[in-house]
Amino acid sequence: MAFISSGYNPEKPMENRITDIGPREYKEFLPPIIEKNFGKWVYHEIVEPGMLMHKAESGDEVYTVRCGGARLMSVTHIREICDIADKFCDGHLRFTTRNNIEFMVDSLEKAQELKKYLNDQKFSGGSHKYPVGGTGAGVTNIVHTQGWVHCHTPATDASGTVKATMDTVFDEFQNMRLPAPVRISMACCLNMCGAVHCSDIAILGIHRKPPMVDHKVLDNICEVPLAVAACPTGAIRPTKVEIDGKSYKTVAVKEERCMFCGNCYTMCPAMPLSDKEGDGVALMVGGKISNRITKPAFSKVVVPFIPNEPPRWPTMTKVIKQILDAYAEDARKYERLGDWANRIGWERFFEKCGLEFTEHLIDDFRDPAYYTWRQTTQFKF
Amino acid sequence: MAKHKTPLLDQLESGPWPSFVSDIKQECENRAKNEKGVEFQIPADCPEDLLGVLELSYVDGETHWKHGGIVGVFGYGGGVIGRYCDQPEMFPGVAHFHTIRVNQPSGKYYTTEFLRQLCDLWEFRGSGLTNMHGATGDIVFIGTTTPQLEEIFYELTHNLNTDLGGSGSNLRTPATCLGMSRCEYACYDTQALCFNLTNEYQDELHRPAFPYKFKFKFDGCPNGCVASIARSDFSVIGTWRDEIRIDQEAVAGYVGGELAPNAGAHAGRDWGKFDIQKEVIDLCPSECMSYEDGKLSIDNKECVRCMHCINTMPRALRIGNDRGASIFVGAKAPILDGAQMGSLLVPFVKVDAGNDYQEIKDIVEGIWDLWMEEGKNRERLGETMKRMGFQKIIESAGVPVDVRQVQEPRTNPYIFWKAEDVEGGWDRDIAEYRKRHQQ
Ligand code: HEM
Ligand code: HEM
Ligand code: HEM
Ligand code: SF4
Ligand code: SF4
Ligand code: SF4
Ligand code: SF4
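Protein chains in written order, with UniProt numbering: chain A, 1 to 381; chain B, 1 to 439.
It is worth saying that the hints were derived from the structure and are not from the lab.
A quick note: this is a predicted structure, and the numbers were derived from the prediction, not measured.
Among the clues, some could well be false.
[To be verified] Quick list of in silico lysine-lysine cross-link-like pairs, DSSO-like style, CA-CA up to 27 Å:
# : chain 1 : residue 1 : chain 2 : residue 2
1 : A       : Lys300    : A       : Lys380
2 : B       : Lys386    : A       : Lys300
3 : A       : Lys295    : B       : Lys36
[As the list claims (entries may be wrong)] DEER-style ranges, computed between Cβ atoms:
# : chain 1 : residue 1 : chain 2 : residue 2 : range
4 : B       : Ile415    : A       : Lys216    : 36 to 46 Å
5 : B       : Asn159    : A       : Gly39     : 24 to 34 Å
6 : B       : Ala252    : A       : Asn342    : 44 to 54 Å
Every residue, glycine too, gets a C-beta built ideally from N, C-alpha and C.
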């Protein structure tokens with residue numbers, strides 16, 4: 001493993017340094033048919049699951065074939081994607097905002113040939129490499145985060161929970177038989193990198209034990225005021241402790257005020273809190289981003305805790321399926337999951353989904369909590 | 001022969017969805033064989049050790065990455081997320097495992113030529129593993145060592161003409177929906193605006209100068225395909241302010257059943273024959289549509305441009321011609337004081353490439369002036385708005401107060417007035433008062 005220089009000279013680090021050039025311009029990469037009809041599209045059709053057709057003023061048609069991506073992918077996989085784009089699409093492709101892959105061609109025949117080809121590709125373990133789908137009123141890819149693959153603050157894994165969930169709802173990825181699209185998202189801690197707070201169904205990693213405090217090192221590796229200010233519930237105060245006759249500047253955590261968010265650990269490495277039994281996932285539902293008919297909405301917590309069960313999280317996937325099935329069966333056409341729950345009432349939502357309602361689901365965070373309680377006589381028995 | 005036994009992860013190789021485990025394993029194999037004779041600059045078995053440490057996390061139910069990690073390239077204050085394994089003896093291949101954020105092209109269109117160049121670089125100097133893409137939008141290179149960072153940056157800028165993305169308390173990498181490139185709903189060129197603002201604010205992106213992170217996202221219409229209203233401090237969402245264009249013939253096509261509603265999005269289930277009254281007219285949130293004698297009409301003055309009717313009959317209904325965008329501010333995840341979606345700041349602004357988007361830049365910079373001065377350490381714009389009041393943001397952005405900025409007027413009467421707006425001001429003499437009112 002001999003070191004090979006790129007040309008960079010560590011003796012003169014600022015020499016020949018290029019900065020602030022930003023990304024490559026998107027126009028360099030547009031397929032010719034997209035470039036030609038840019039801004040001149042007239043309508044689109046979803047020809048079949050995973051396949052779109054856009055019609056331009058010029059009469060040109062572009063067919064898009066969308067397939068699932070694991071998001072975490074190797075350069076080997078990306079090169080195979082490139083091989084496909086070279087073979088069918090003159091070397092062009094794109095990725096979506098939900099990390100699916102889209103290939104574009106100019107005729108229905110080519111699109112169908114491509115779709116078949118994509119659906120036929122498998123990994124050695126048997127899973128699809130490029131399952132086609134993710135369009136219309138179905139379940140598309142899961143926006144997710146780093147998990148145990150790369151982050152230091154997670155309460156669960158991202159890639160594993162997502163694979164387990166997508167395997168469970170896979171039929172809905174390749175179909176369009178739900179009342180409206182269902183967006184599932186996942187975040188491995190409540191920093192919520194991604195879209196958990198605004199999705200139809202969301203998986204969220206949570207802790208249930210307060211941080212441990214490494215008193216002996218805290219003052220050396222943390223800014224005490226930052227750790228104090230990090231706490232949403234004011235559970236942390238500066239203090240001194242005596243250990244083996246030596247006095248240390250550190251912090252104290254009022255445990256009954258701590259709700260295990262982990263933000264103090266984000267700010268202070270001496271306050272770790274991950275824990276095998278304590279950690280797990282909460283499920284949220286009913287969020288949306290689009291302004292279609294109803295306003296964008298936050299997702300709400302409906303299952304406060306499910307334990308981590310790697311590698312396949314069977315309880316979690318079972319509950320997700322339960323919610324999805326109840327919604328599919330009961331909701332009206334065009335009704336997003338949250339619109340459905342609002343119409344039938346949350347008391348009915350819990351009944352239909354077979355979920356238990358517990359005290360953990362009643363908001364108790366500051367002033368706005370009041371607005372989530374029920375100030376009306378209107379309710380269903 | 002795999003380096004570590006991974007009985008738990010192996011179970012994630014079955015099932016239909018693409019398995020990240022199978023994919024990492026094929027990368028392990030390719031690096032072991034090394035058919036092209038690549039002089040790997042970090043351990044060839046790096047992906048093997050990643051599977052090893054991940055398996056250990058599956059057993060322990062806990063992460064095995066040490067807290068934080070501060071690494072980067074000279075000249076920049078962000079772009080690289082440092083990461084070290086907490087069991088380096090067991091997994092030396094991931095002792096260093098830093099992530100590099102690489103700025104993606106707007107709308108994520110690629111040529112295979114460019115992707116292959118990225119792959120060659122990353123196979124040579126990194127783990128060969130990526131995220132396509134991060135939630136904010138970056139191409140994410142997962143896993144390399146500190147000495148490789150400058151080398152990678154040098155090659156990215158000199159050979160691939162590509163820069164790093166953002167991280168830290170600064171402007172993060174902006175992202176956009178695909179906009180006019182392939183969508184008939186796009187009310188402005190989202191990709192052009194995204195590209196322009198990313199370049200305009202390179203300094204703010206690479207050198208943290210803010211109280212906390214700040215994100216831009218650009219949606220072409222209220223459908224929100226890049227979710228700007230939920231995921232960016234400054235969200236630009238396309239809209240129009242004249243009439244929805246109606247093609248009555250195509251309306252008849254939908255009513256007659258020749259055209260599939262919602263472009264066929266519900267084709268997997270029998271929802272019965274399309275009923276324009278039930279599926280469009282009755283669902284319009286402003287009740288501003290009617291369908292009489294085979295003619296669809298819209299009282300556009302009352303339309304809130306929710307997109308429902310257009311989404312449902314894309315061949316019959318089209319966005320208006322007088323186009324622009326609305327600007328929303330303050331979206332954020334829960335930490336610290338609760339999640340926020342963007343709040344409407346500017347109902348309509350022209351998106352004008354002709355004057356280099358100056359009107360939008362003035363608003364951005366007005367907001368930054370206030371927030372950079374007044375924002376507390378690690379306080380998102382949304383929280384500054386809550387603490388100081390929305391009025392302060394309106395003032396600093398230099399935009400007019402507008403009833404559209406509220407969902408409803410306030411219910412409490414705890415109203416602040418400025419002294420200069422009250423006749424006689426606030427300087428009063430109690431002695432004068434006592435002349436009229438005895439103690
Ligand atoms: C502790 C270390 C953290 C790590 C390793 C981490 C990692 C990441 C990564 C890799 C992304 C995608 C980035 C991209 O596409 O360029 C991301 C996005 C995001 N992060 Fe974090 N993050 C961390 C801390 C936080 C904190 C403290 C917060 C909030 C309090 C946060 C909130 C978010 C949000 C909301 C997004 C998504 C924004 C969007 O949808 O575009 N993260 N994070
Ligand atoms: C011409 C029409 C449209 C085009 C070209 C388009 C394009 C896209 C694309 C490429 C994605 C990423 C998809 C994925 O990976 O799953 C997406 C996501 C999305 N689209 Fe659309 N879309 C269109 C119409 C709509 C409509 C009619 C709606 C709403 C009713 C909508 C709402 C959304 C939402 C909410 C997301 C996901 C955002 C997120 O959660 O990250 N789009 N769109
Ligand atoms: C010196 C000060 C005050 C005096 C003398 C006073 C006097 C009264 C009286 C006599 C009533 C009963 C009226 C009736 O016959 O129904 C009343 C009702 C009420 N007062 Fe006051 N008040 C004072 C201050 C306040 C303040 C500071 C507040 C609120 C911040 C307040 C809020 C109310 C309300 C809400 C009611 C109606 C209660 C109901 O719902 O029936 N008052 N007050
Ligand atoms: S959600 Fe939390 S644990 Fe997951 S990547 Fe983001 S900061 Fe890390
Ligand atoms: S985990 Fe959260 S609530 Fe608990 S002490 Fe830390 S910052 Fe406060
Ligand atoms: S946000 Fe609107 S304009 Fe952009 S891709 Fe989605 S539907 Fe099209
Ligand atoms: S866009 Fe929405 S509000 Fe406007 S007419 Fe159509 S359905 Fe009604």
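So, going through the hints one by one against the coordinates:
1. Lys300(A) to Lys380(A): holds, 20 Å
2. Lys386(B) to Lys300(A): Holds, at about 22 Å.
3. Lys295(A) to Lys36(B): violated, 54 Å
4. Ile415(B) to Lys216(A): 36 to 46 Å: violated, 53 Å
5. Asn159(B) to Gly39(A): 24 to 34 Å: Given range 24 to 34 Å: holds, Cβ gap about 32 Å.
6. Ala252(B) to Asn342(A): 44 to 54 Å: Given range 44 to 54 Å: violated, Cβ gap about 34 Å.
Of the numbered hints stated above, those contradicted by the structure are hints 3, 4, 6, listed in ascending order.
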